[in-house]
Amino acid sequence: MDWFTKLVEEFEVAFIVDNRWKYIVSGIGSTLLLTFLSLVLGVVIGIVIAAVRSTYDKQYTDMRAGIGKTLLNIGNGFCKCYLTIFRGTPVMVQILIIFFVIMASSRNKMLCGVVAFGLNSAAYVAEIIRGGIMSIDPGQTEAGRSLGLNYVQTMAYIVLPQAFKNILPALANEFITLLKETSVAGYVGVTDLTRGANIIRGITYQSFWPLFAIAAIYLAMVMFFTWLVGKLERRLKNSER
Amino acid sequence: MNANKNEILISVRDLKKYYKGDKIKALDGISNDIRRGEVVCIIGPSGSGKSTFLRSLNLLEVPTGGTINFAGQILTDRKTDINLCRQKMGMVFQHFNLFPHMTVMRNMTLAPMKLLGKTQEEAESRAMQLLTRVGLADRAQSYPSQLSGGQKQRIAIVRAMAMDPDVILFDEPTSALDPEMVGEVLDLMKALAEDGMTMVIVTHEMGFAREVADRIIFVDGGKIVEEGTPEEFFTNPKNPRLKDFLSKVL
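These protein sequence lines are chains D and X, in that order. First residue of the first sequence? That's 11 in the working numbering, and the numbers climb one at a time after it. First residue of the second sequence? That's 257 in the working numbering, and the numbers climb one at a time after it.
Source of the hints: derived by calculation from the structure; they are not laboratory data. Keep in mind that the hints are not guaranteed to be accurate.
[What the hints assert, rightly or not] With a straight-line cut-off of 25 Å between C-alpha atoms, the simulated DSS-like cross-links for lysine-lysine are:
id : chain 1 : residue 1 : chain 2 : residue 2
1  : D       : Lys68     : X       : Lys370
2  : D       : Lys68     : D       : Lys79
3  : D       : Lys32     : D       : Lys16
4  : X       : Lys272    : X       : Lys335
5  : X       : Lys276    : X       : Lys479
6  : D       : Lys190    : D       : Lys32
7  : D       : Lys79     : X       : Lys335
8  : D       : Lys175    : D       : Lys79
9  : D       : Lys79     : D       : Lys90
10 : X       : Lys446    : X       : Lys344
11 : X       : Lys279    : D       : Lys68
12 : D       : Lys68     : D       : Lys175
13 : D       : Lys68     : X       : Lys276
14 : D       : Lys79     : X       : Lys276
15 : X       : Lys279    : X       : Lys335
16 : X       : Lys279    : X       : Lys479
17 : X       : Lys504    : X       : Lys494
18 : X       : Lys281    : D       : Lys68
19 : X       : Lys370    : D       : Lys175
20 : X       : Lys494    : X       : Lys479
21 : D       : Lys119    : D       : Lys190
22 : X       : Lys272    : D       : Lys79
23 : D       : Lys241    : D       : Lys190
24 : D       : Lys68     : X       : Lys272
25 : X       : Lys335    : D       : Lys68
26 : D       : Lys68     : D       : Lys90
All values derive from a computational prediction rather than experimental measurement.
Extracted from the complex, chain X is given alone in its bound form (with noise of 0.2 Å):
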């Protein structure tokens, strides 16, 4: 799967988001390239426009001009079979999203039965392969209302990999939840970055993205104010906004 480091996963050109007409960008021509393996960071003000982008992706918000090519398919374009692509995108949400009326095994096989074509024995032993890595093994059986804000996000993020993406989207996966309960979630997203999965990841935890991101994107009123390794970004921010930014924020 990592055979090639460099190769370009994602690459977005000129992505627009306009709402009302023009009267509102979300998004204002972003332009950038996603490696494979990558663990890219978007870090910006609310209402800047990160969530938009980082939506856009797999076309939970329909762009309003611009192309995304994923691998080799251009999103953008109508005549792509979206469902197949965003079954190679996993995606994790700031309120977790799992499916109430299922049971975490159901959740976790619904997809890669449907779509992969897997029995129910192949879906329900790699279900409890990465429950037992992620420690909820004992959970499989339990309903999503009986699990910690933590648990529910780790199972989230393990529902996204049981349909062995290329690349997972992280919307705020940490915004709601308790703050003991950060650590939890945080640290099995470092054990992925770790394992070499490309993750696109919105977030305002600074720490996190400091250590484990191999860039960071600056995103202010629809546009990429700046990017850079960790390292260059918090040490030597050199837009204005960006350091007014991290002057708040660290």
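For reference, chain D alone in the conformation it holds in the complex (with noise of 0.2 Å):
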């Protein structure tokens, strides 16, 4: 029973000697809000993403020649370079860049971490966004827009509230990706999970205690979520009558 003691030796050196539990702790603590902050930052961004887009396809053929028509062309234009550079390069660059270039004044790491996933995710979010919109019969835009509702108040009091419902479990696998894609956020010194097992490394030259624990950690996250996913998706699907 050598190897048990062994192990059991290595499990206090690595999480018990000093208190070194508490870098797992607080570093769960920093994934969630960086994860949740970045979810918020990308729904945000998204959102508005998805309205440039969603009226481009929607409205642009219909439109007349104008100055609103060229601003569309050139928000849209906008829209998908955003979506292909944020979705064509590692989000691992992304980070390094918008740290080391772009934000290299500030000193605020969670900062950098959440506008460098927030705008990531934001470009997913969109997509997400805009095929719930376009999800939506044609119909219902018809209908609230032939009794006078214009096409901002259509959106907002009939398309928007029944896409919403559609994306929800969709928004919440984002939420989910994004939760493990965090685990790089340490090489800009953001202190998450994957940064506290490091540190714990790094302090006692073990490996296998810090990153199993963290791999079990995550894991037990995802299927909490993901269950909990799996609830919102069949209490929408009893409420559509």
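Using the hints, put the two standalone chains together into the complex.
Shown next as structure tokens:
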């Protein structure tokens, strides 16, 4: 039972001595906070991009030539570029660029992380939301417009509430993906869960426990949120009369 | 409201709608006047442009050319506030297009509250009045998916009426209904016609057109081929294409 005693000893060194488990616990907090704030930023920017893109898709051909049409065309081009760049480069590279180039003067690492993951996530969220908007029967828009509601009112009262219900599960899945992706935030010094494990590794020269522990914690969080999403999906389905 | 029975409400001149440059001519120069209180039925083979014509009247389809004058407003002029004009032009769709995430009551009160500045109380009492009239007062708190097709379409009609429009446009209102439900919708439309509501109806219900319409328009190839009173229209059709069409559907 030599190996077992050794494992227990290593466990003690990794987590118990000097209260090193606190690195893990605060890491969980940072990871969740980073994921949550990034998703909020991603949804906010994503809604703007999706609004421009879906307005272009739905309205452009029917619009009369003028400043509005030109602006929409430019806006749509800009959004397409944004999507191509942020979905076409590794998130790791994006976070390095944001930390070392764009926000090099900022000392707030968490903020850099939120900006980097938020901008990245926005690209994916935008397409989720656009899909949700486009999935609503055009007859709904026509019914709203025929009553005299303008485009924005029709979107706000009729299309978006229905679209939101359809995309909620996909948004929740984006949260789960983001949760795992934030594990690279440690590279720019955010003390997230992965970084916490690396700190312990640096102090103790032990890899087994810290790495397997965070793997288990990530897995547990993902499983928990997946279960939550499933529950949400079932509830949404039930509310469809 | 019906002070001027003969006043022209909608005046359409040389209306054109082209797709793909000018390869497809959905509407190829349609002119017509619709008077207040008139019930006009539009018939024609599928793909003839009759629905496009109807949907152009409230600019759901933006015409390529021509003018539409609605109660003195030039709808085809870009300076005209189309949203304001649409408040006075109700529309009923083939597939009902009720808002599935709202109760029947909310479906009917949304636009009056947001656009006419009615309080919830005012809007609801008007909605209740209309629902009672069509015998659906007990469904006020139901959701559209809990209703039958005929009920949905009757709700769609009173939803349009809740805005107190000057005219209601019907786009094949009974085409998506089970046969046994067609009657209840047509009965309601007939009652509206008797009340003096101005109605423009795209329909395949020849019996209804014959009985209720003041005037029937036959559209084919994006043009008005023949128009007249139901009497002359059905008993003495002149155009060979109309004769052919009638021989198939009657």
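The hints, checked one at a time:
1. The straight-line distance between the Cα atoms of D:Lys68 and X:Lys370 is roughly 24 Å, inside the 25 Å bound, and the hint therefore holds.
2. Of the supplied pair hints, the one linking D:Lys68 and D:Lys79 holds, its CA atoms being roughly 12 Å apart against a limit of 25 Å.
3. Annotation: proposed proximity of D:Lys32 to D:Lys16 holds, straight-line Cα distance about 22 Å (limit 25 Å).
4. The straight-line distance between the Cα atoms of X:Lys272 and X:Lys335 is roughly 20 Å, inside the 25 Å bound, and the hint therefore holds.
5. A C-alpha spacing of about 19 Å is found between X:Lys276 and X:Lys479, which places the hinted pair at or below 25 Å, so the restraint holds.
6. For the hint linking D:Lys190 to D:Lys32, the alpha-carbon distance of about 20 Å falls within 25 Å, and the restraint holds.
7. At roughly 16 Å between alpha-carbon atoms, D:Lys79 and X:Lys335 fall within 25 Å of each other, so this suggested pair holds.
8. Taking the CA atoms of D:Lys175 and D:Lys79, the gap is about 30 Å. The hint is violated against a cut of 25 Å.
9. A threshold of 25 Å between alpha carbons decides the hint, and for D:Lys79 with D:Lys90 the separation of about 16 Å falls inside it, so the pair holds.
10. At roughly 20 Å between alpha-carbon atoms, X:Lys446 and X:Lys344 fall within 25 Å of each other, so this suggested pair holds.
11. This hinted pair checks out: X:Lys279 and D:Lys68 have alpha carbons roughly 22 Å apart, not beyond 25 Å.
12. Taking the CA atoms of D:Lys68 and D:Lys175, the gap is about 20 Å. The hint holds against a cut of 25 Å.
13. Between D:Lys68 and X:Lys276, the direct Cα distance comes to roughly 17 Å. Compliance with the 25 Å bound is thereby established for this hinted pair.
14. A distance of roughly 19 Å separates the Cα atoms of D:Lys79 and X:Lys276; the hinted pair therefore holds under the 25 Å criterion.
15. Restraint check for X:Lys279 and X:Lys335: not satisfied, since their Cα atoms lie roughly 29 Å apart, outside the 25 Å limit.
16. Restraint check for X:Lys279 and X:Lys479: the C-alpha separation of about 16 Å stays at or below 25 Å, so the hint holds.
17. Proximity of X:Lys504 to X:Lys494 is assessed by CA-CA distance (about 16 Å); at most 25 Å being required, the pair is judged to hold.
18. About 22 Å separates the Cα atoms of X:Lys281 and D:Lys68, which keeps this hinted pair within 25 Å; it holds.
19. Restraint check for X:Lys370 and D:Lys175: satisfied, since their Cα atoms lie roughly 23 Å apart, inside the 25 Å limit.
20. Between X:Lys494 and X:Lys479 the alpha-carbon distance is near 16 Å, which keeps this suggested pair within the 25 Å criterion.
21. Distance hint between D:Lys119 and D:Lys190 is fulfilled; the C-alpha atoms sit about 18 Å from each other, no more than 25 Å.
22. For the hint pairing X:Lys272 with D:Lys79, the CA-to-CA distance comes to about 22 Å; that is within 25 Å, so the pair holds.
23. The suggested pairing of D:Lys241 with D:Lys190 holds, with an alpha-carbon distance near 21 Å, which does not exceed 25 Å.
24. A distance of roughly 22 Å separates the Cα atoms of D:Lys68 and X:Lys272; the hinted pair therefore holds under the 25 Å criterion.
25. Proposed proximity of X:Lys335 and D:Lys68 is supported: the alpha carbons are some 22 Å apart, at most 25 Å.
26. Taken as a hint, the D:Lys68 and D:Lys90 pair is honoured in the structure, with Cα atoms around 16 Å apart against an allowance of 25 Å.
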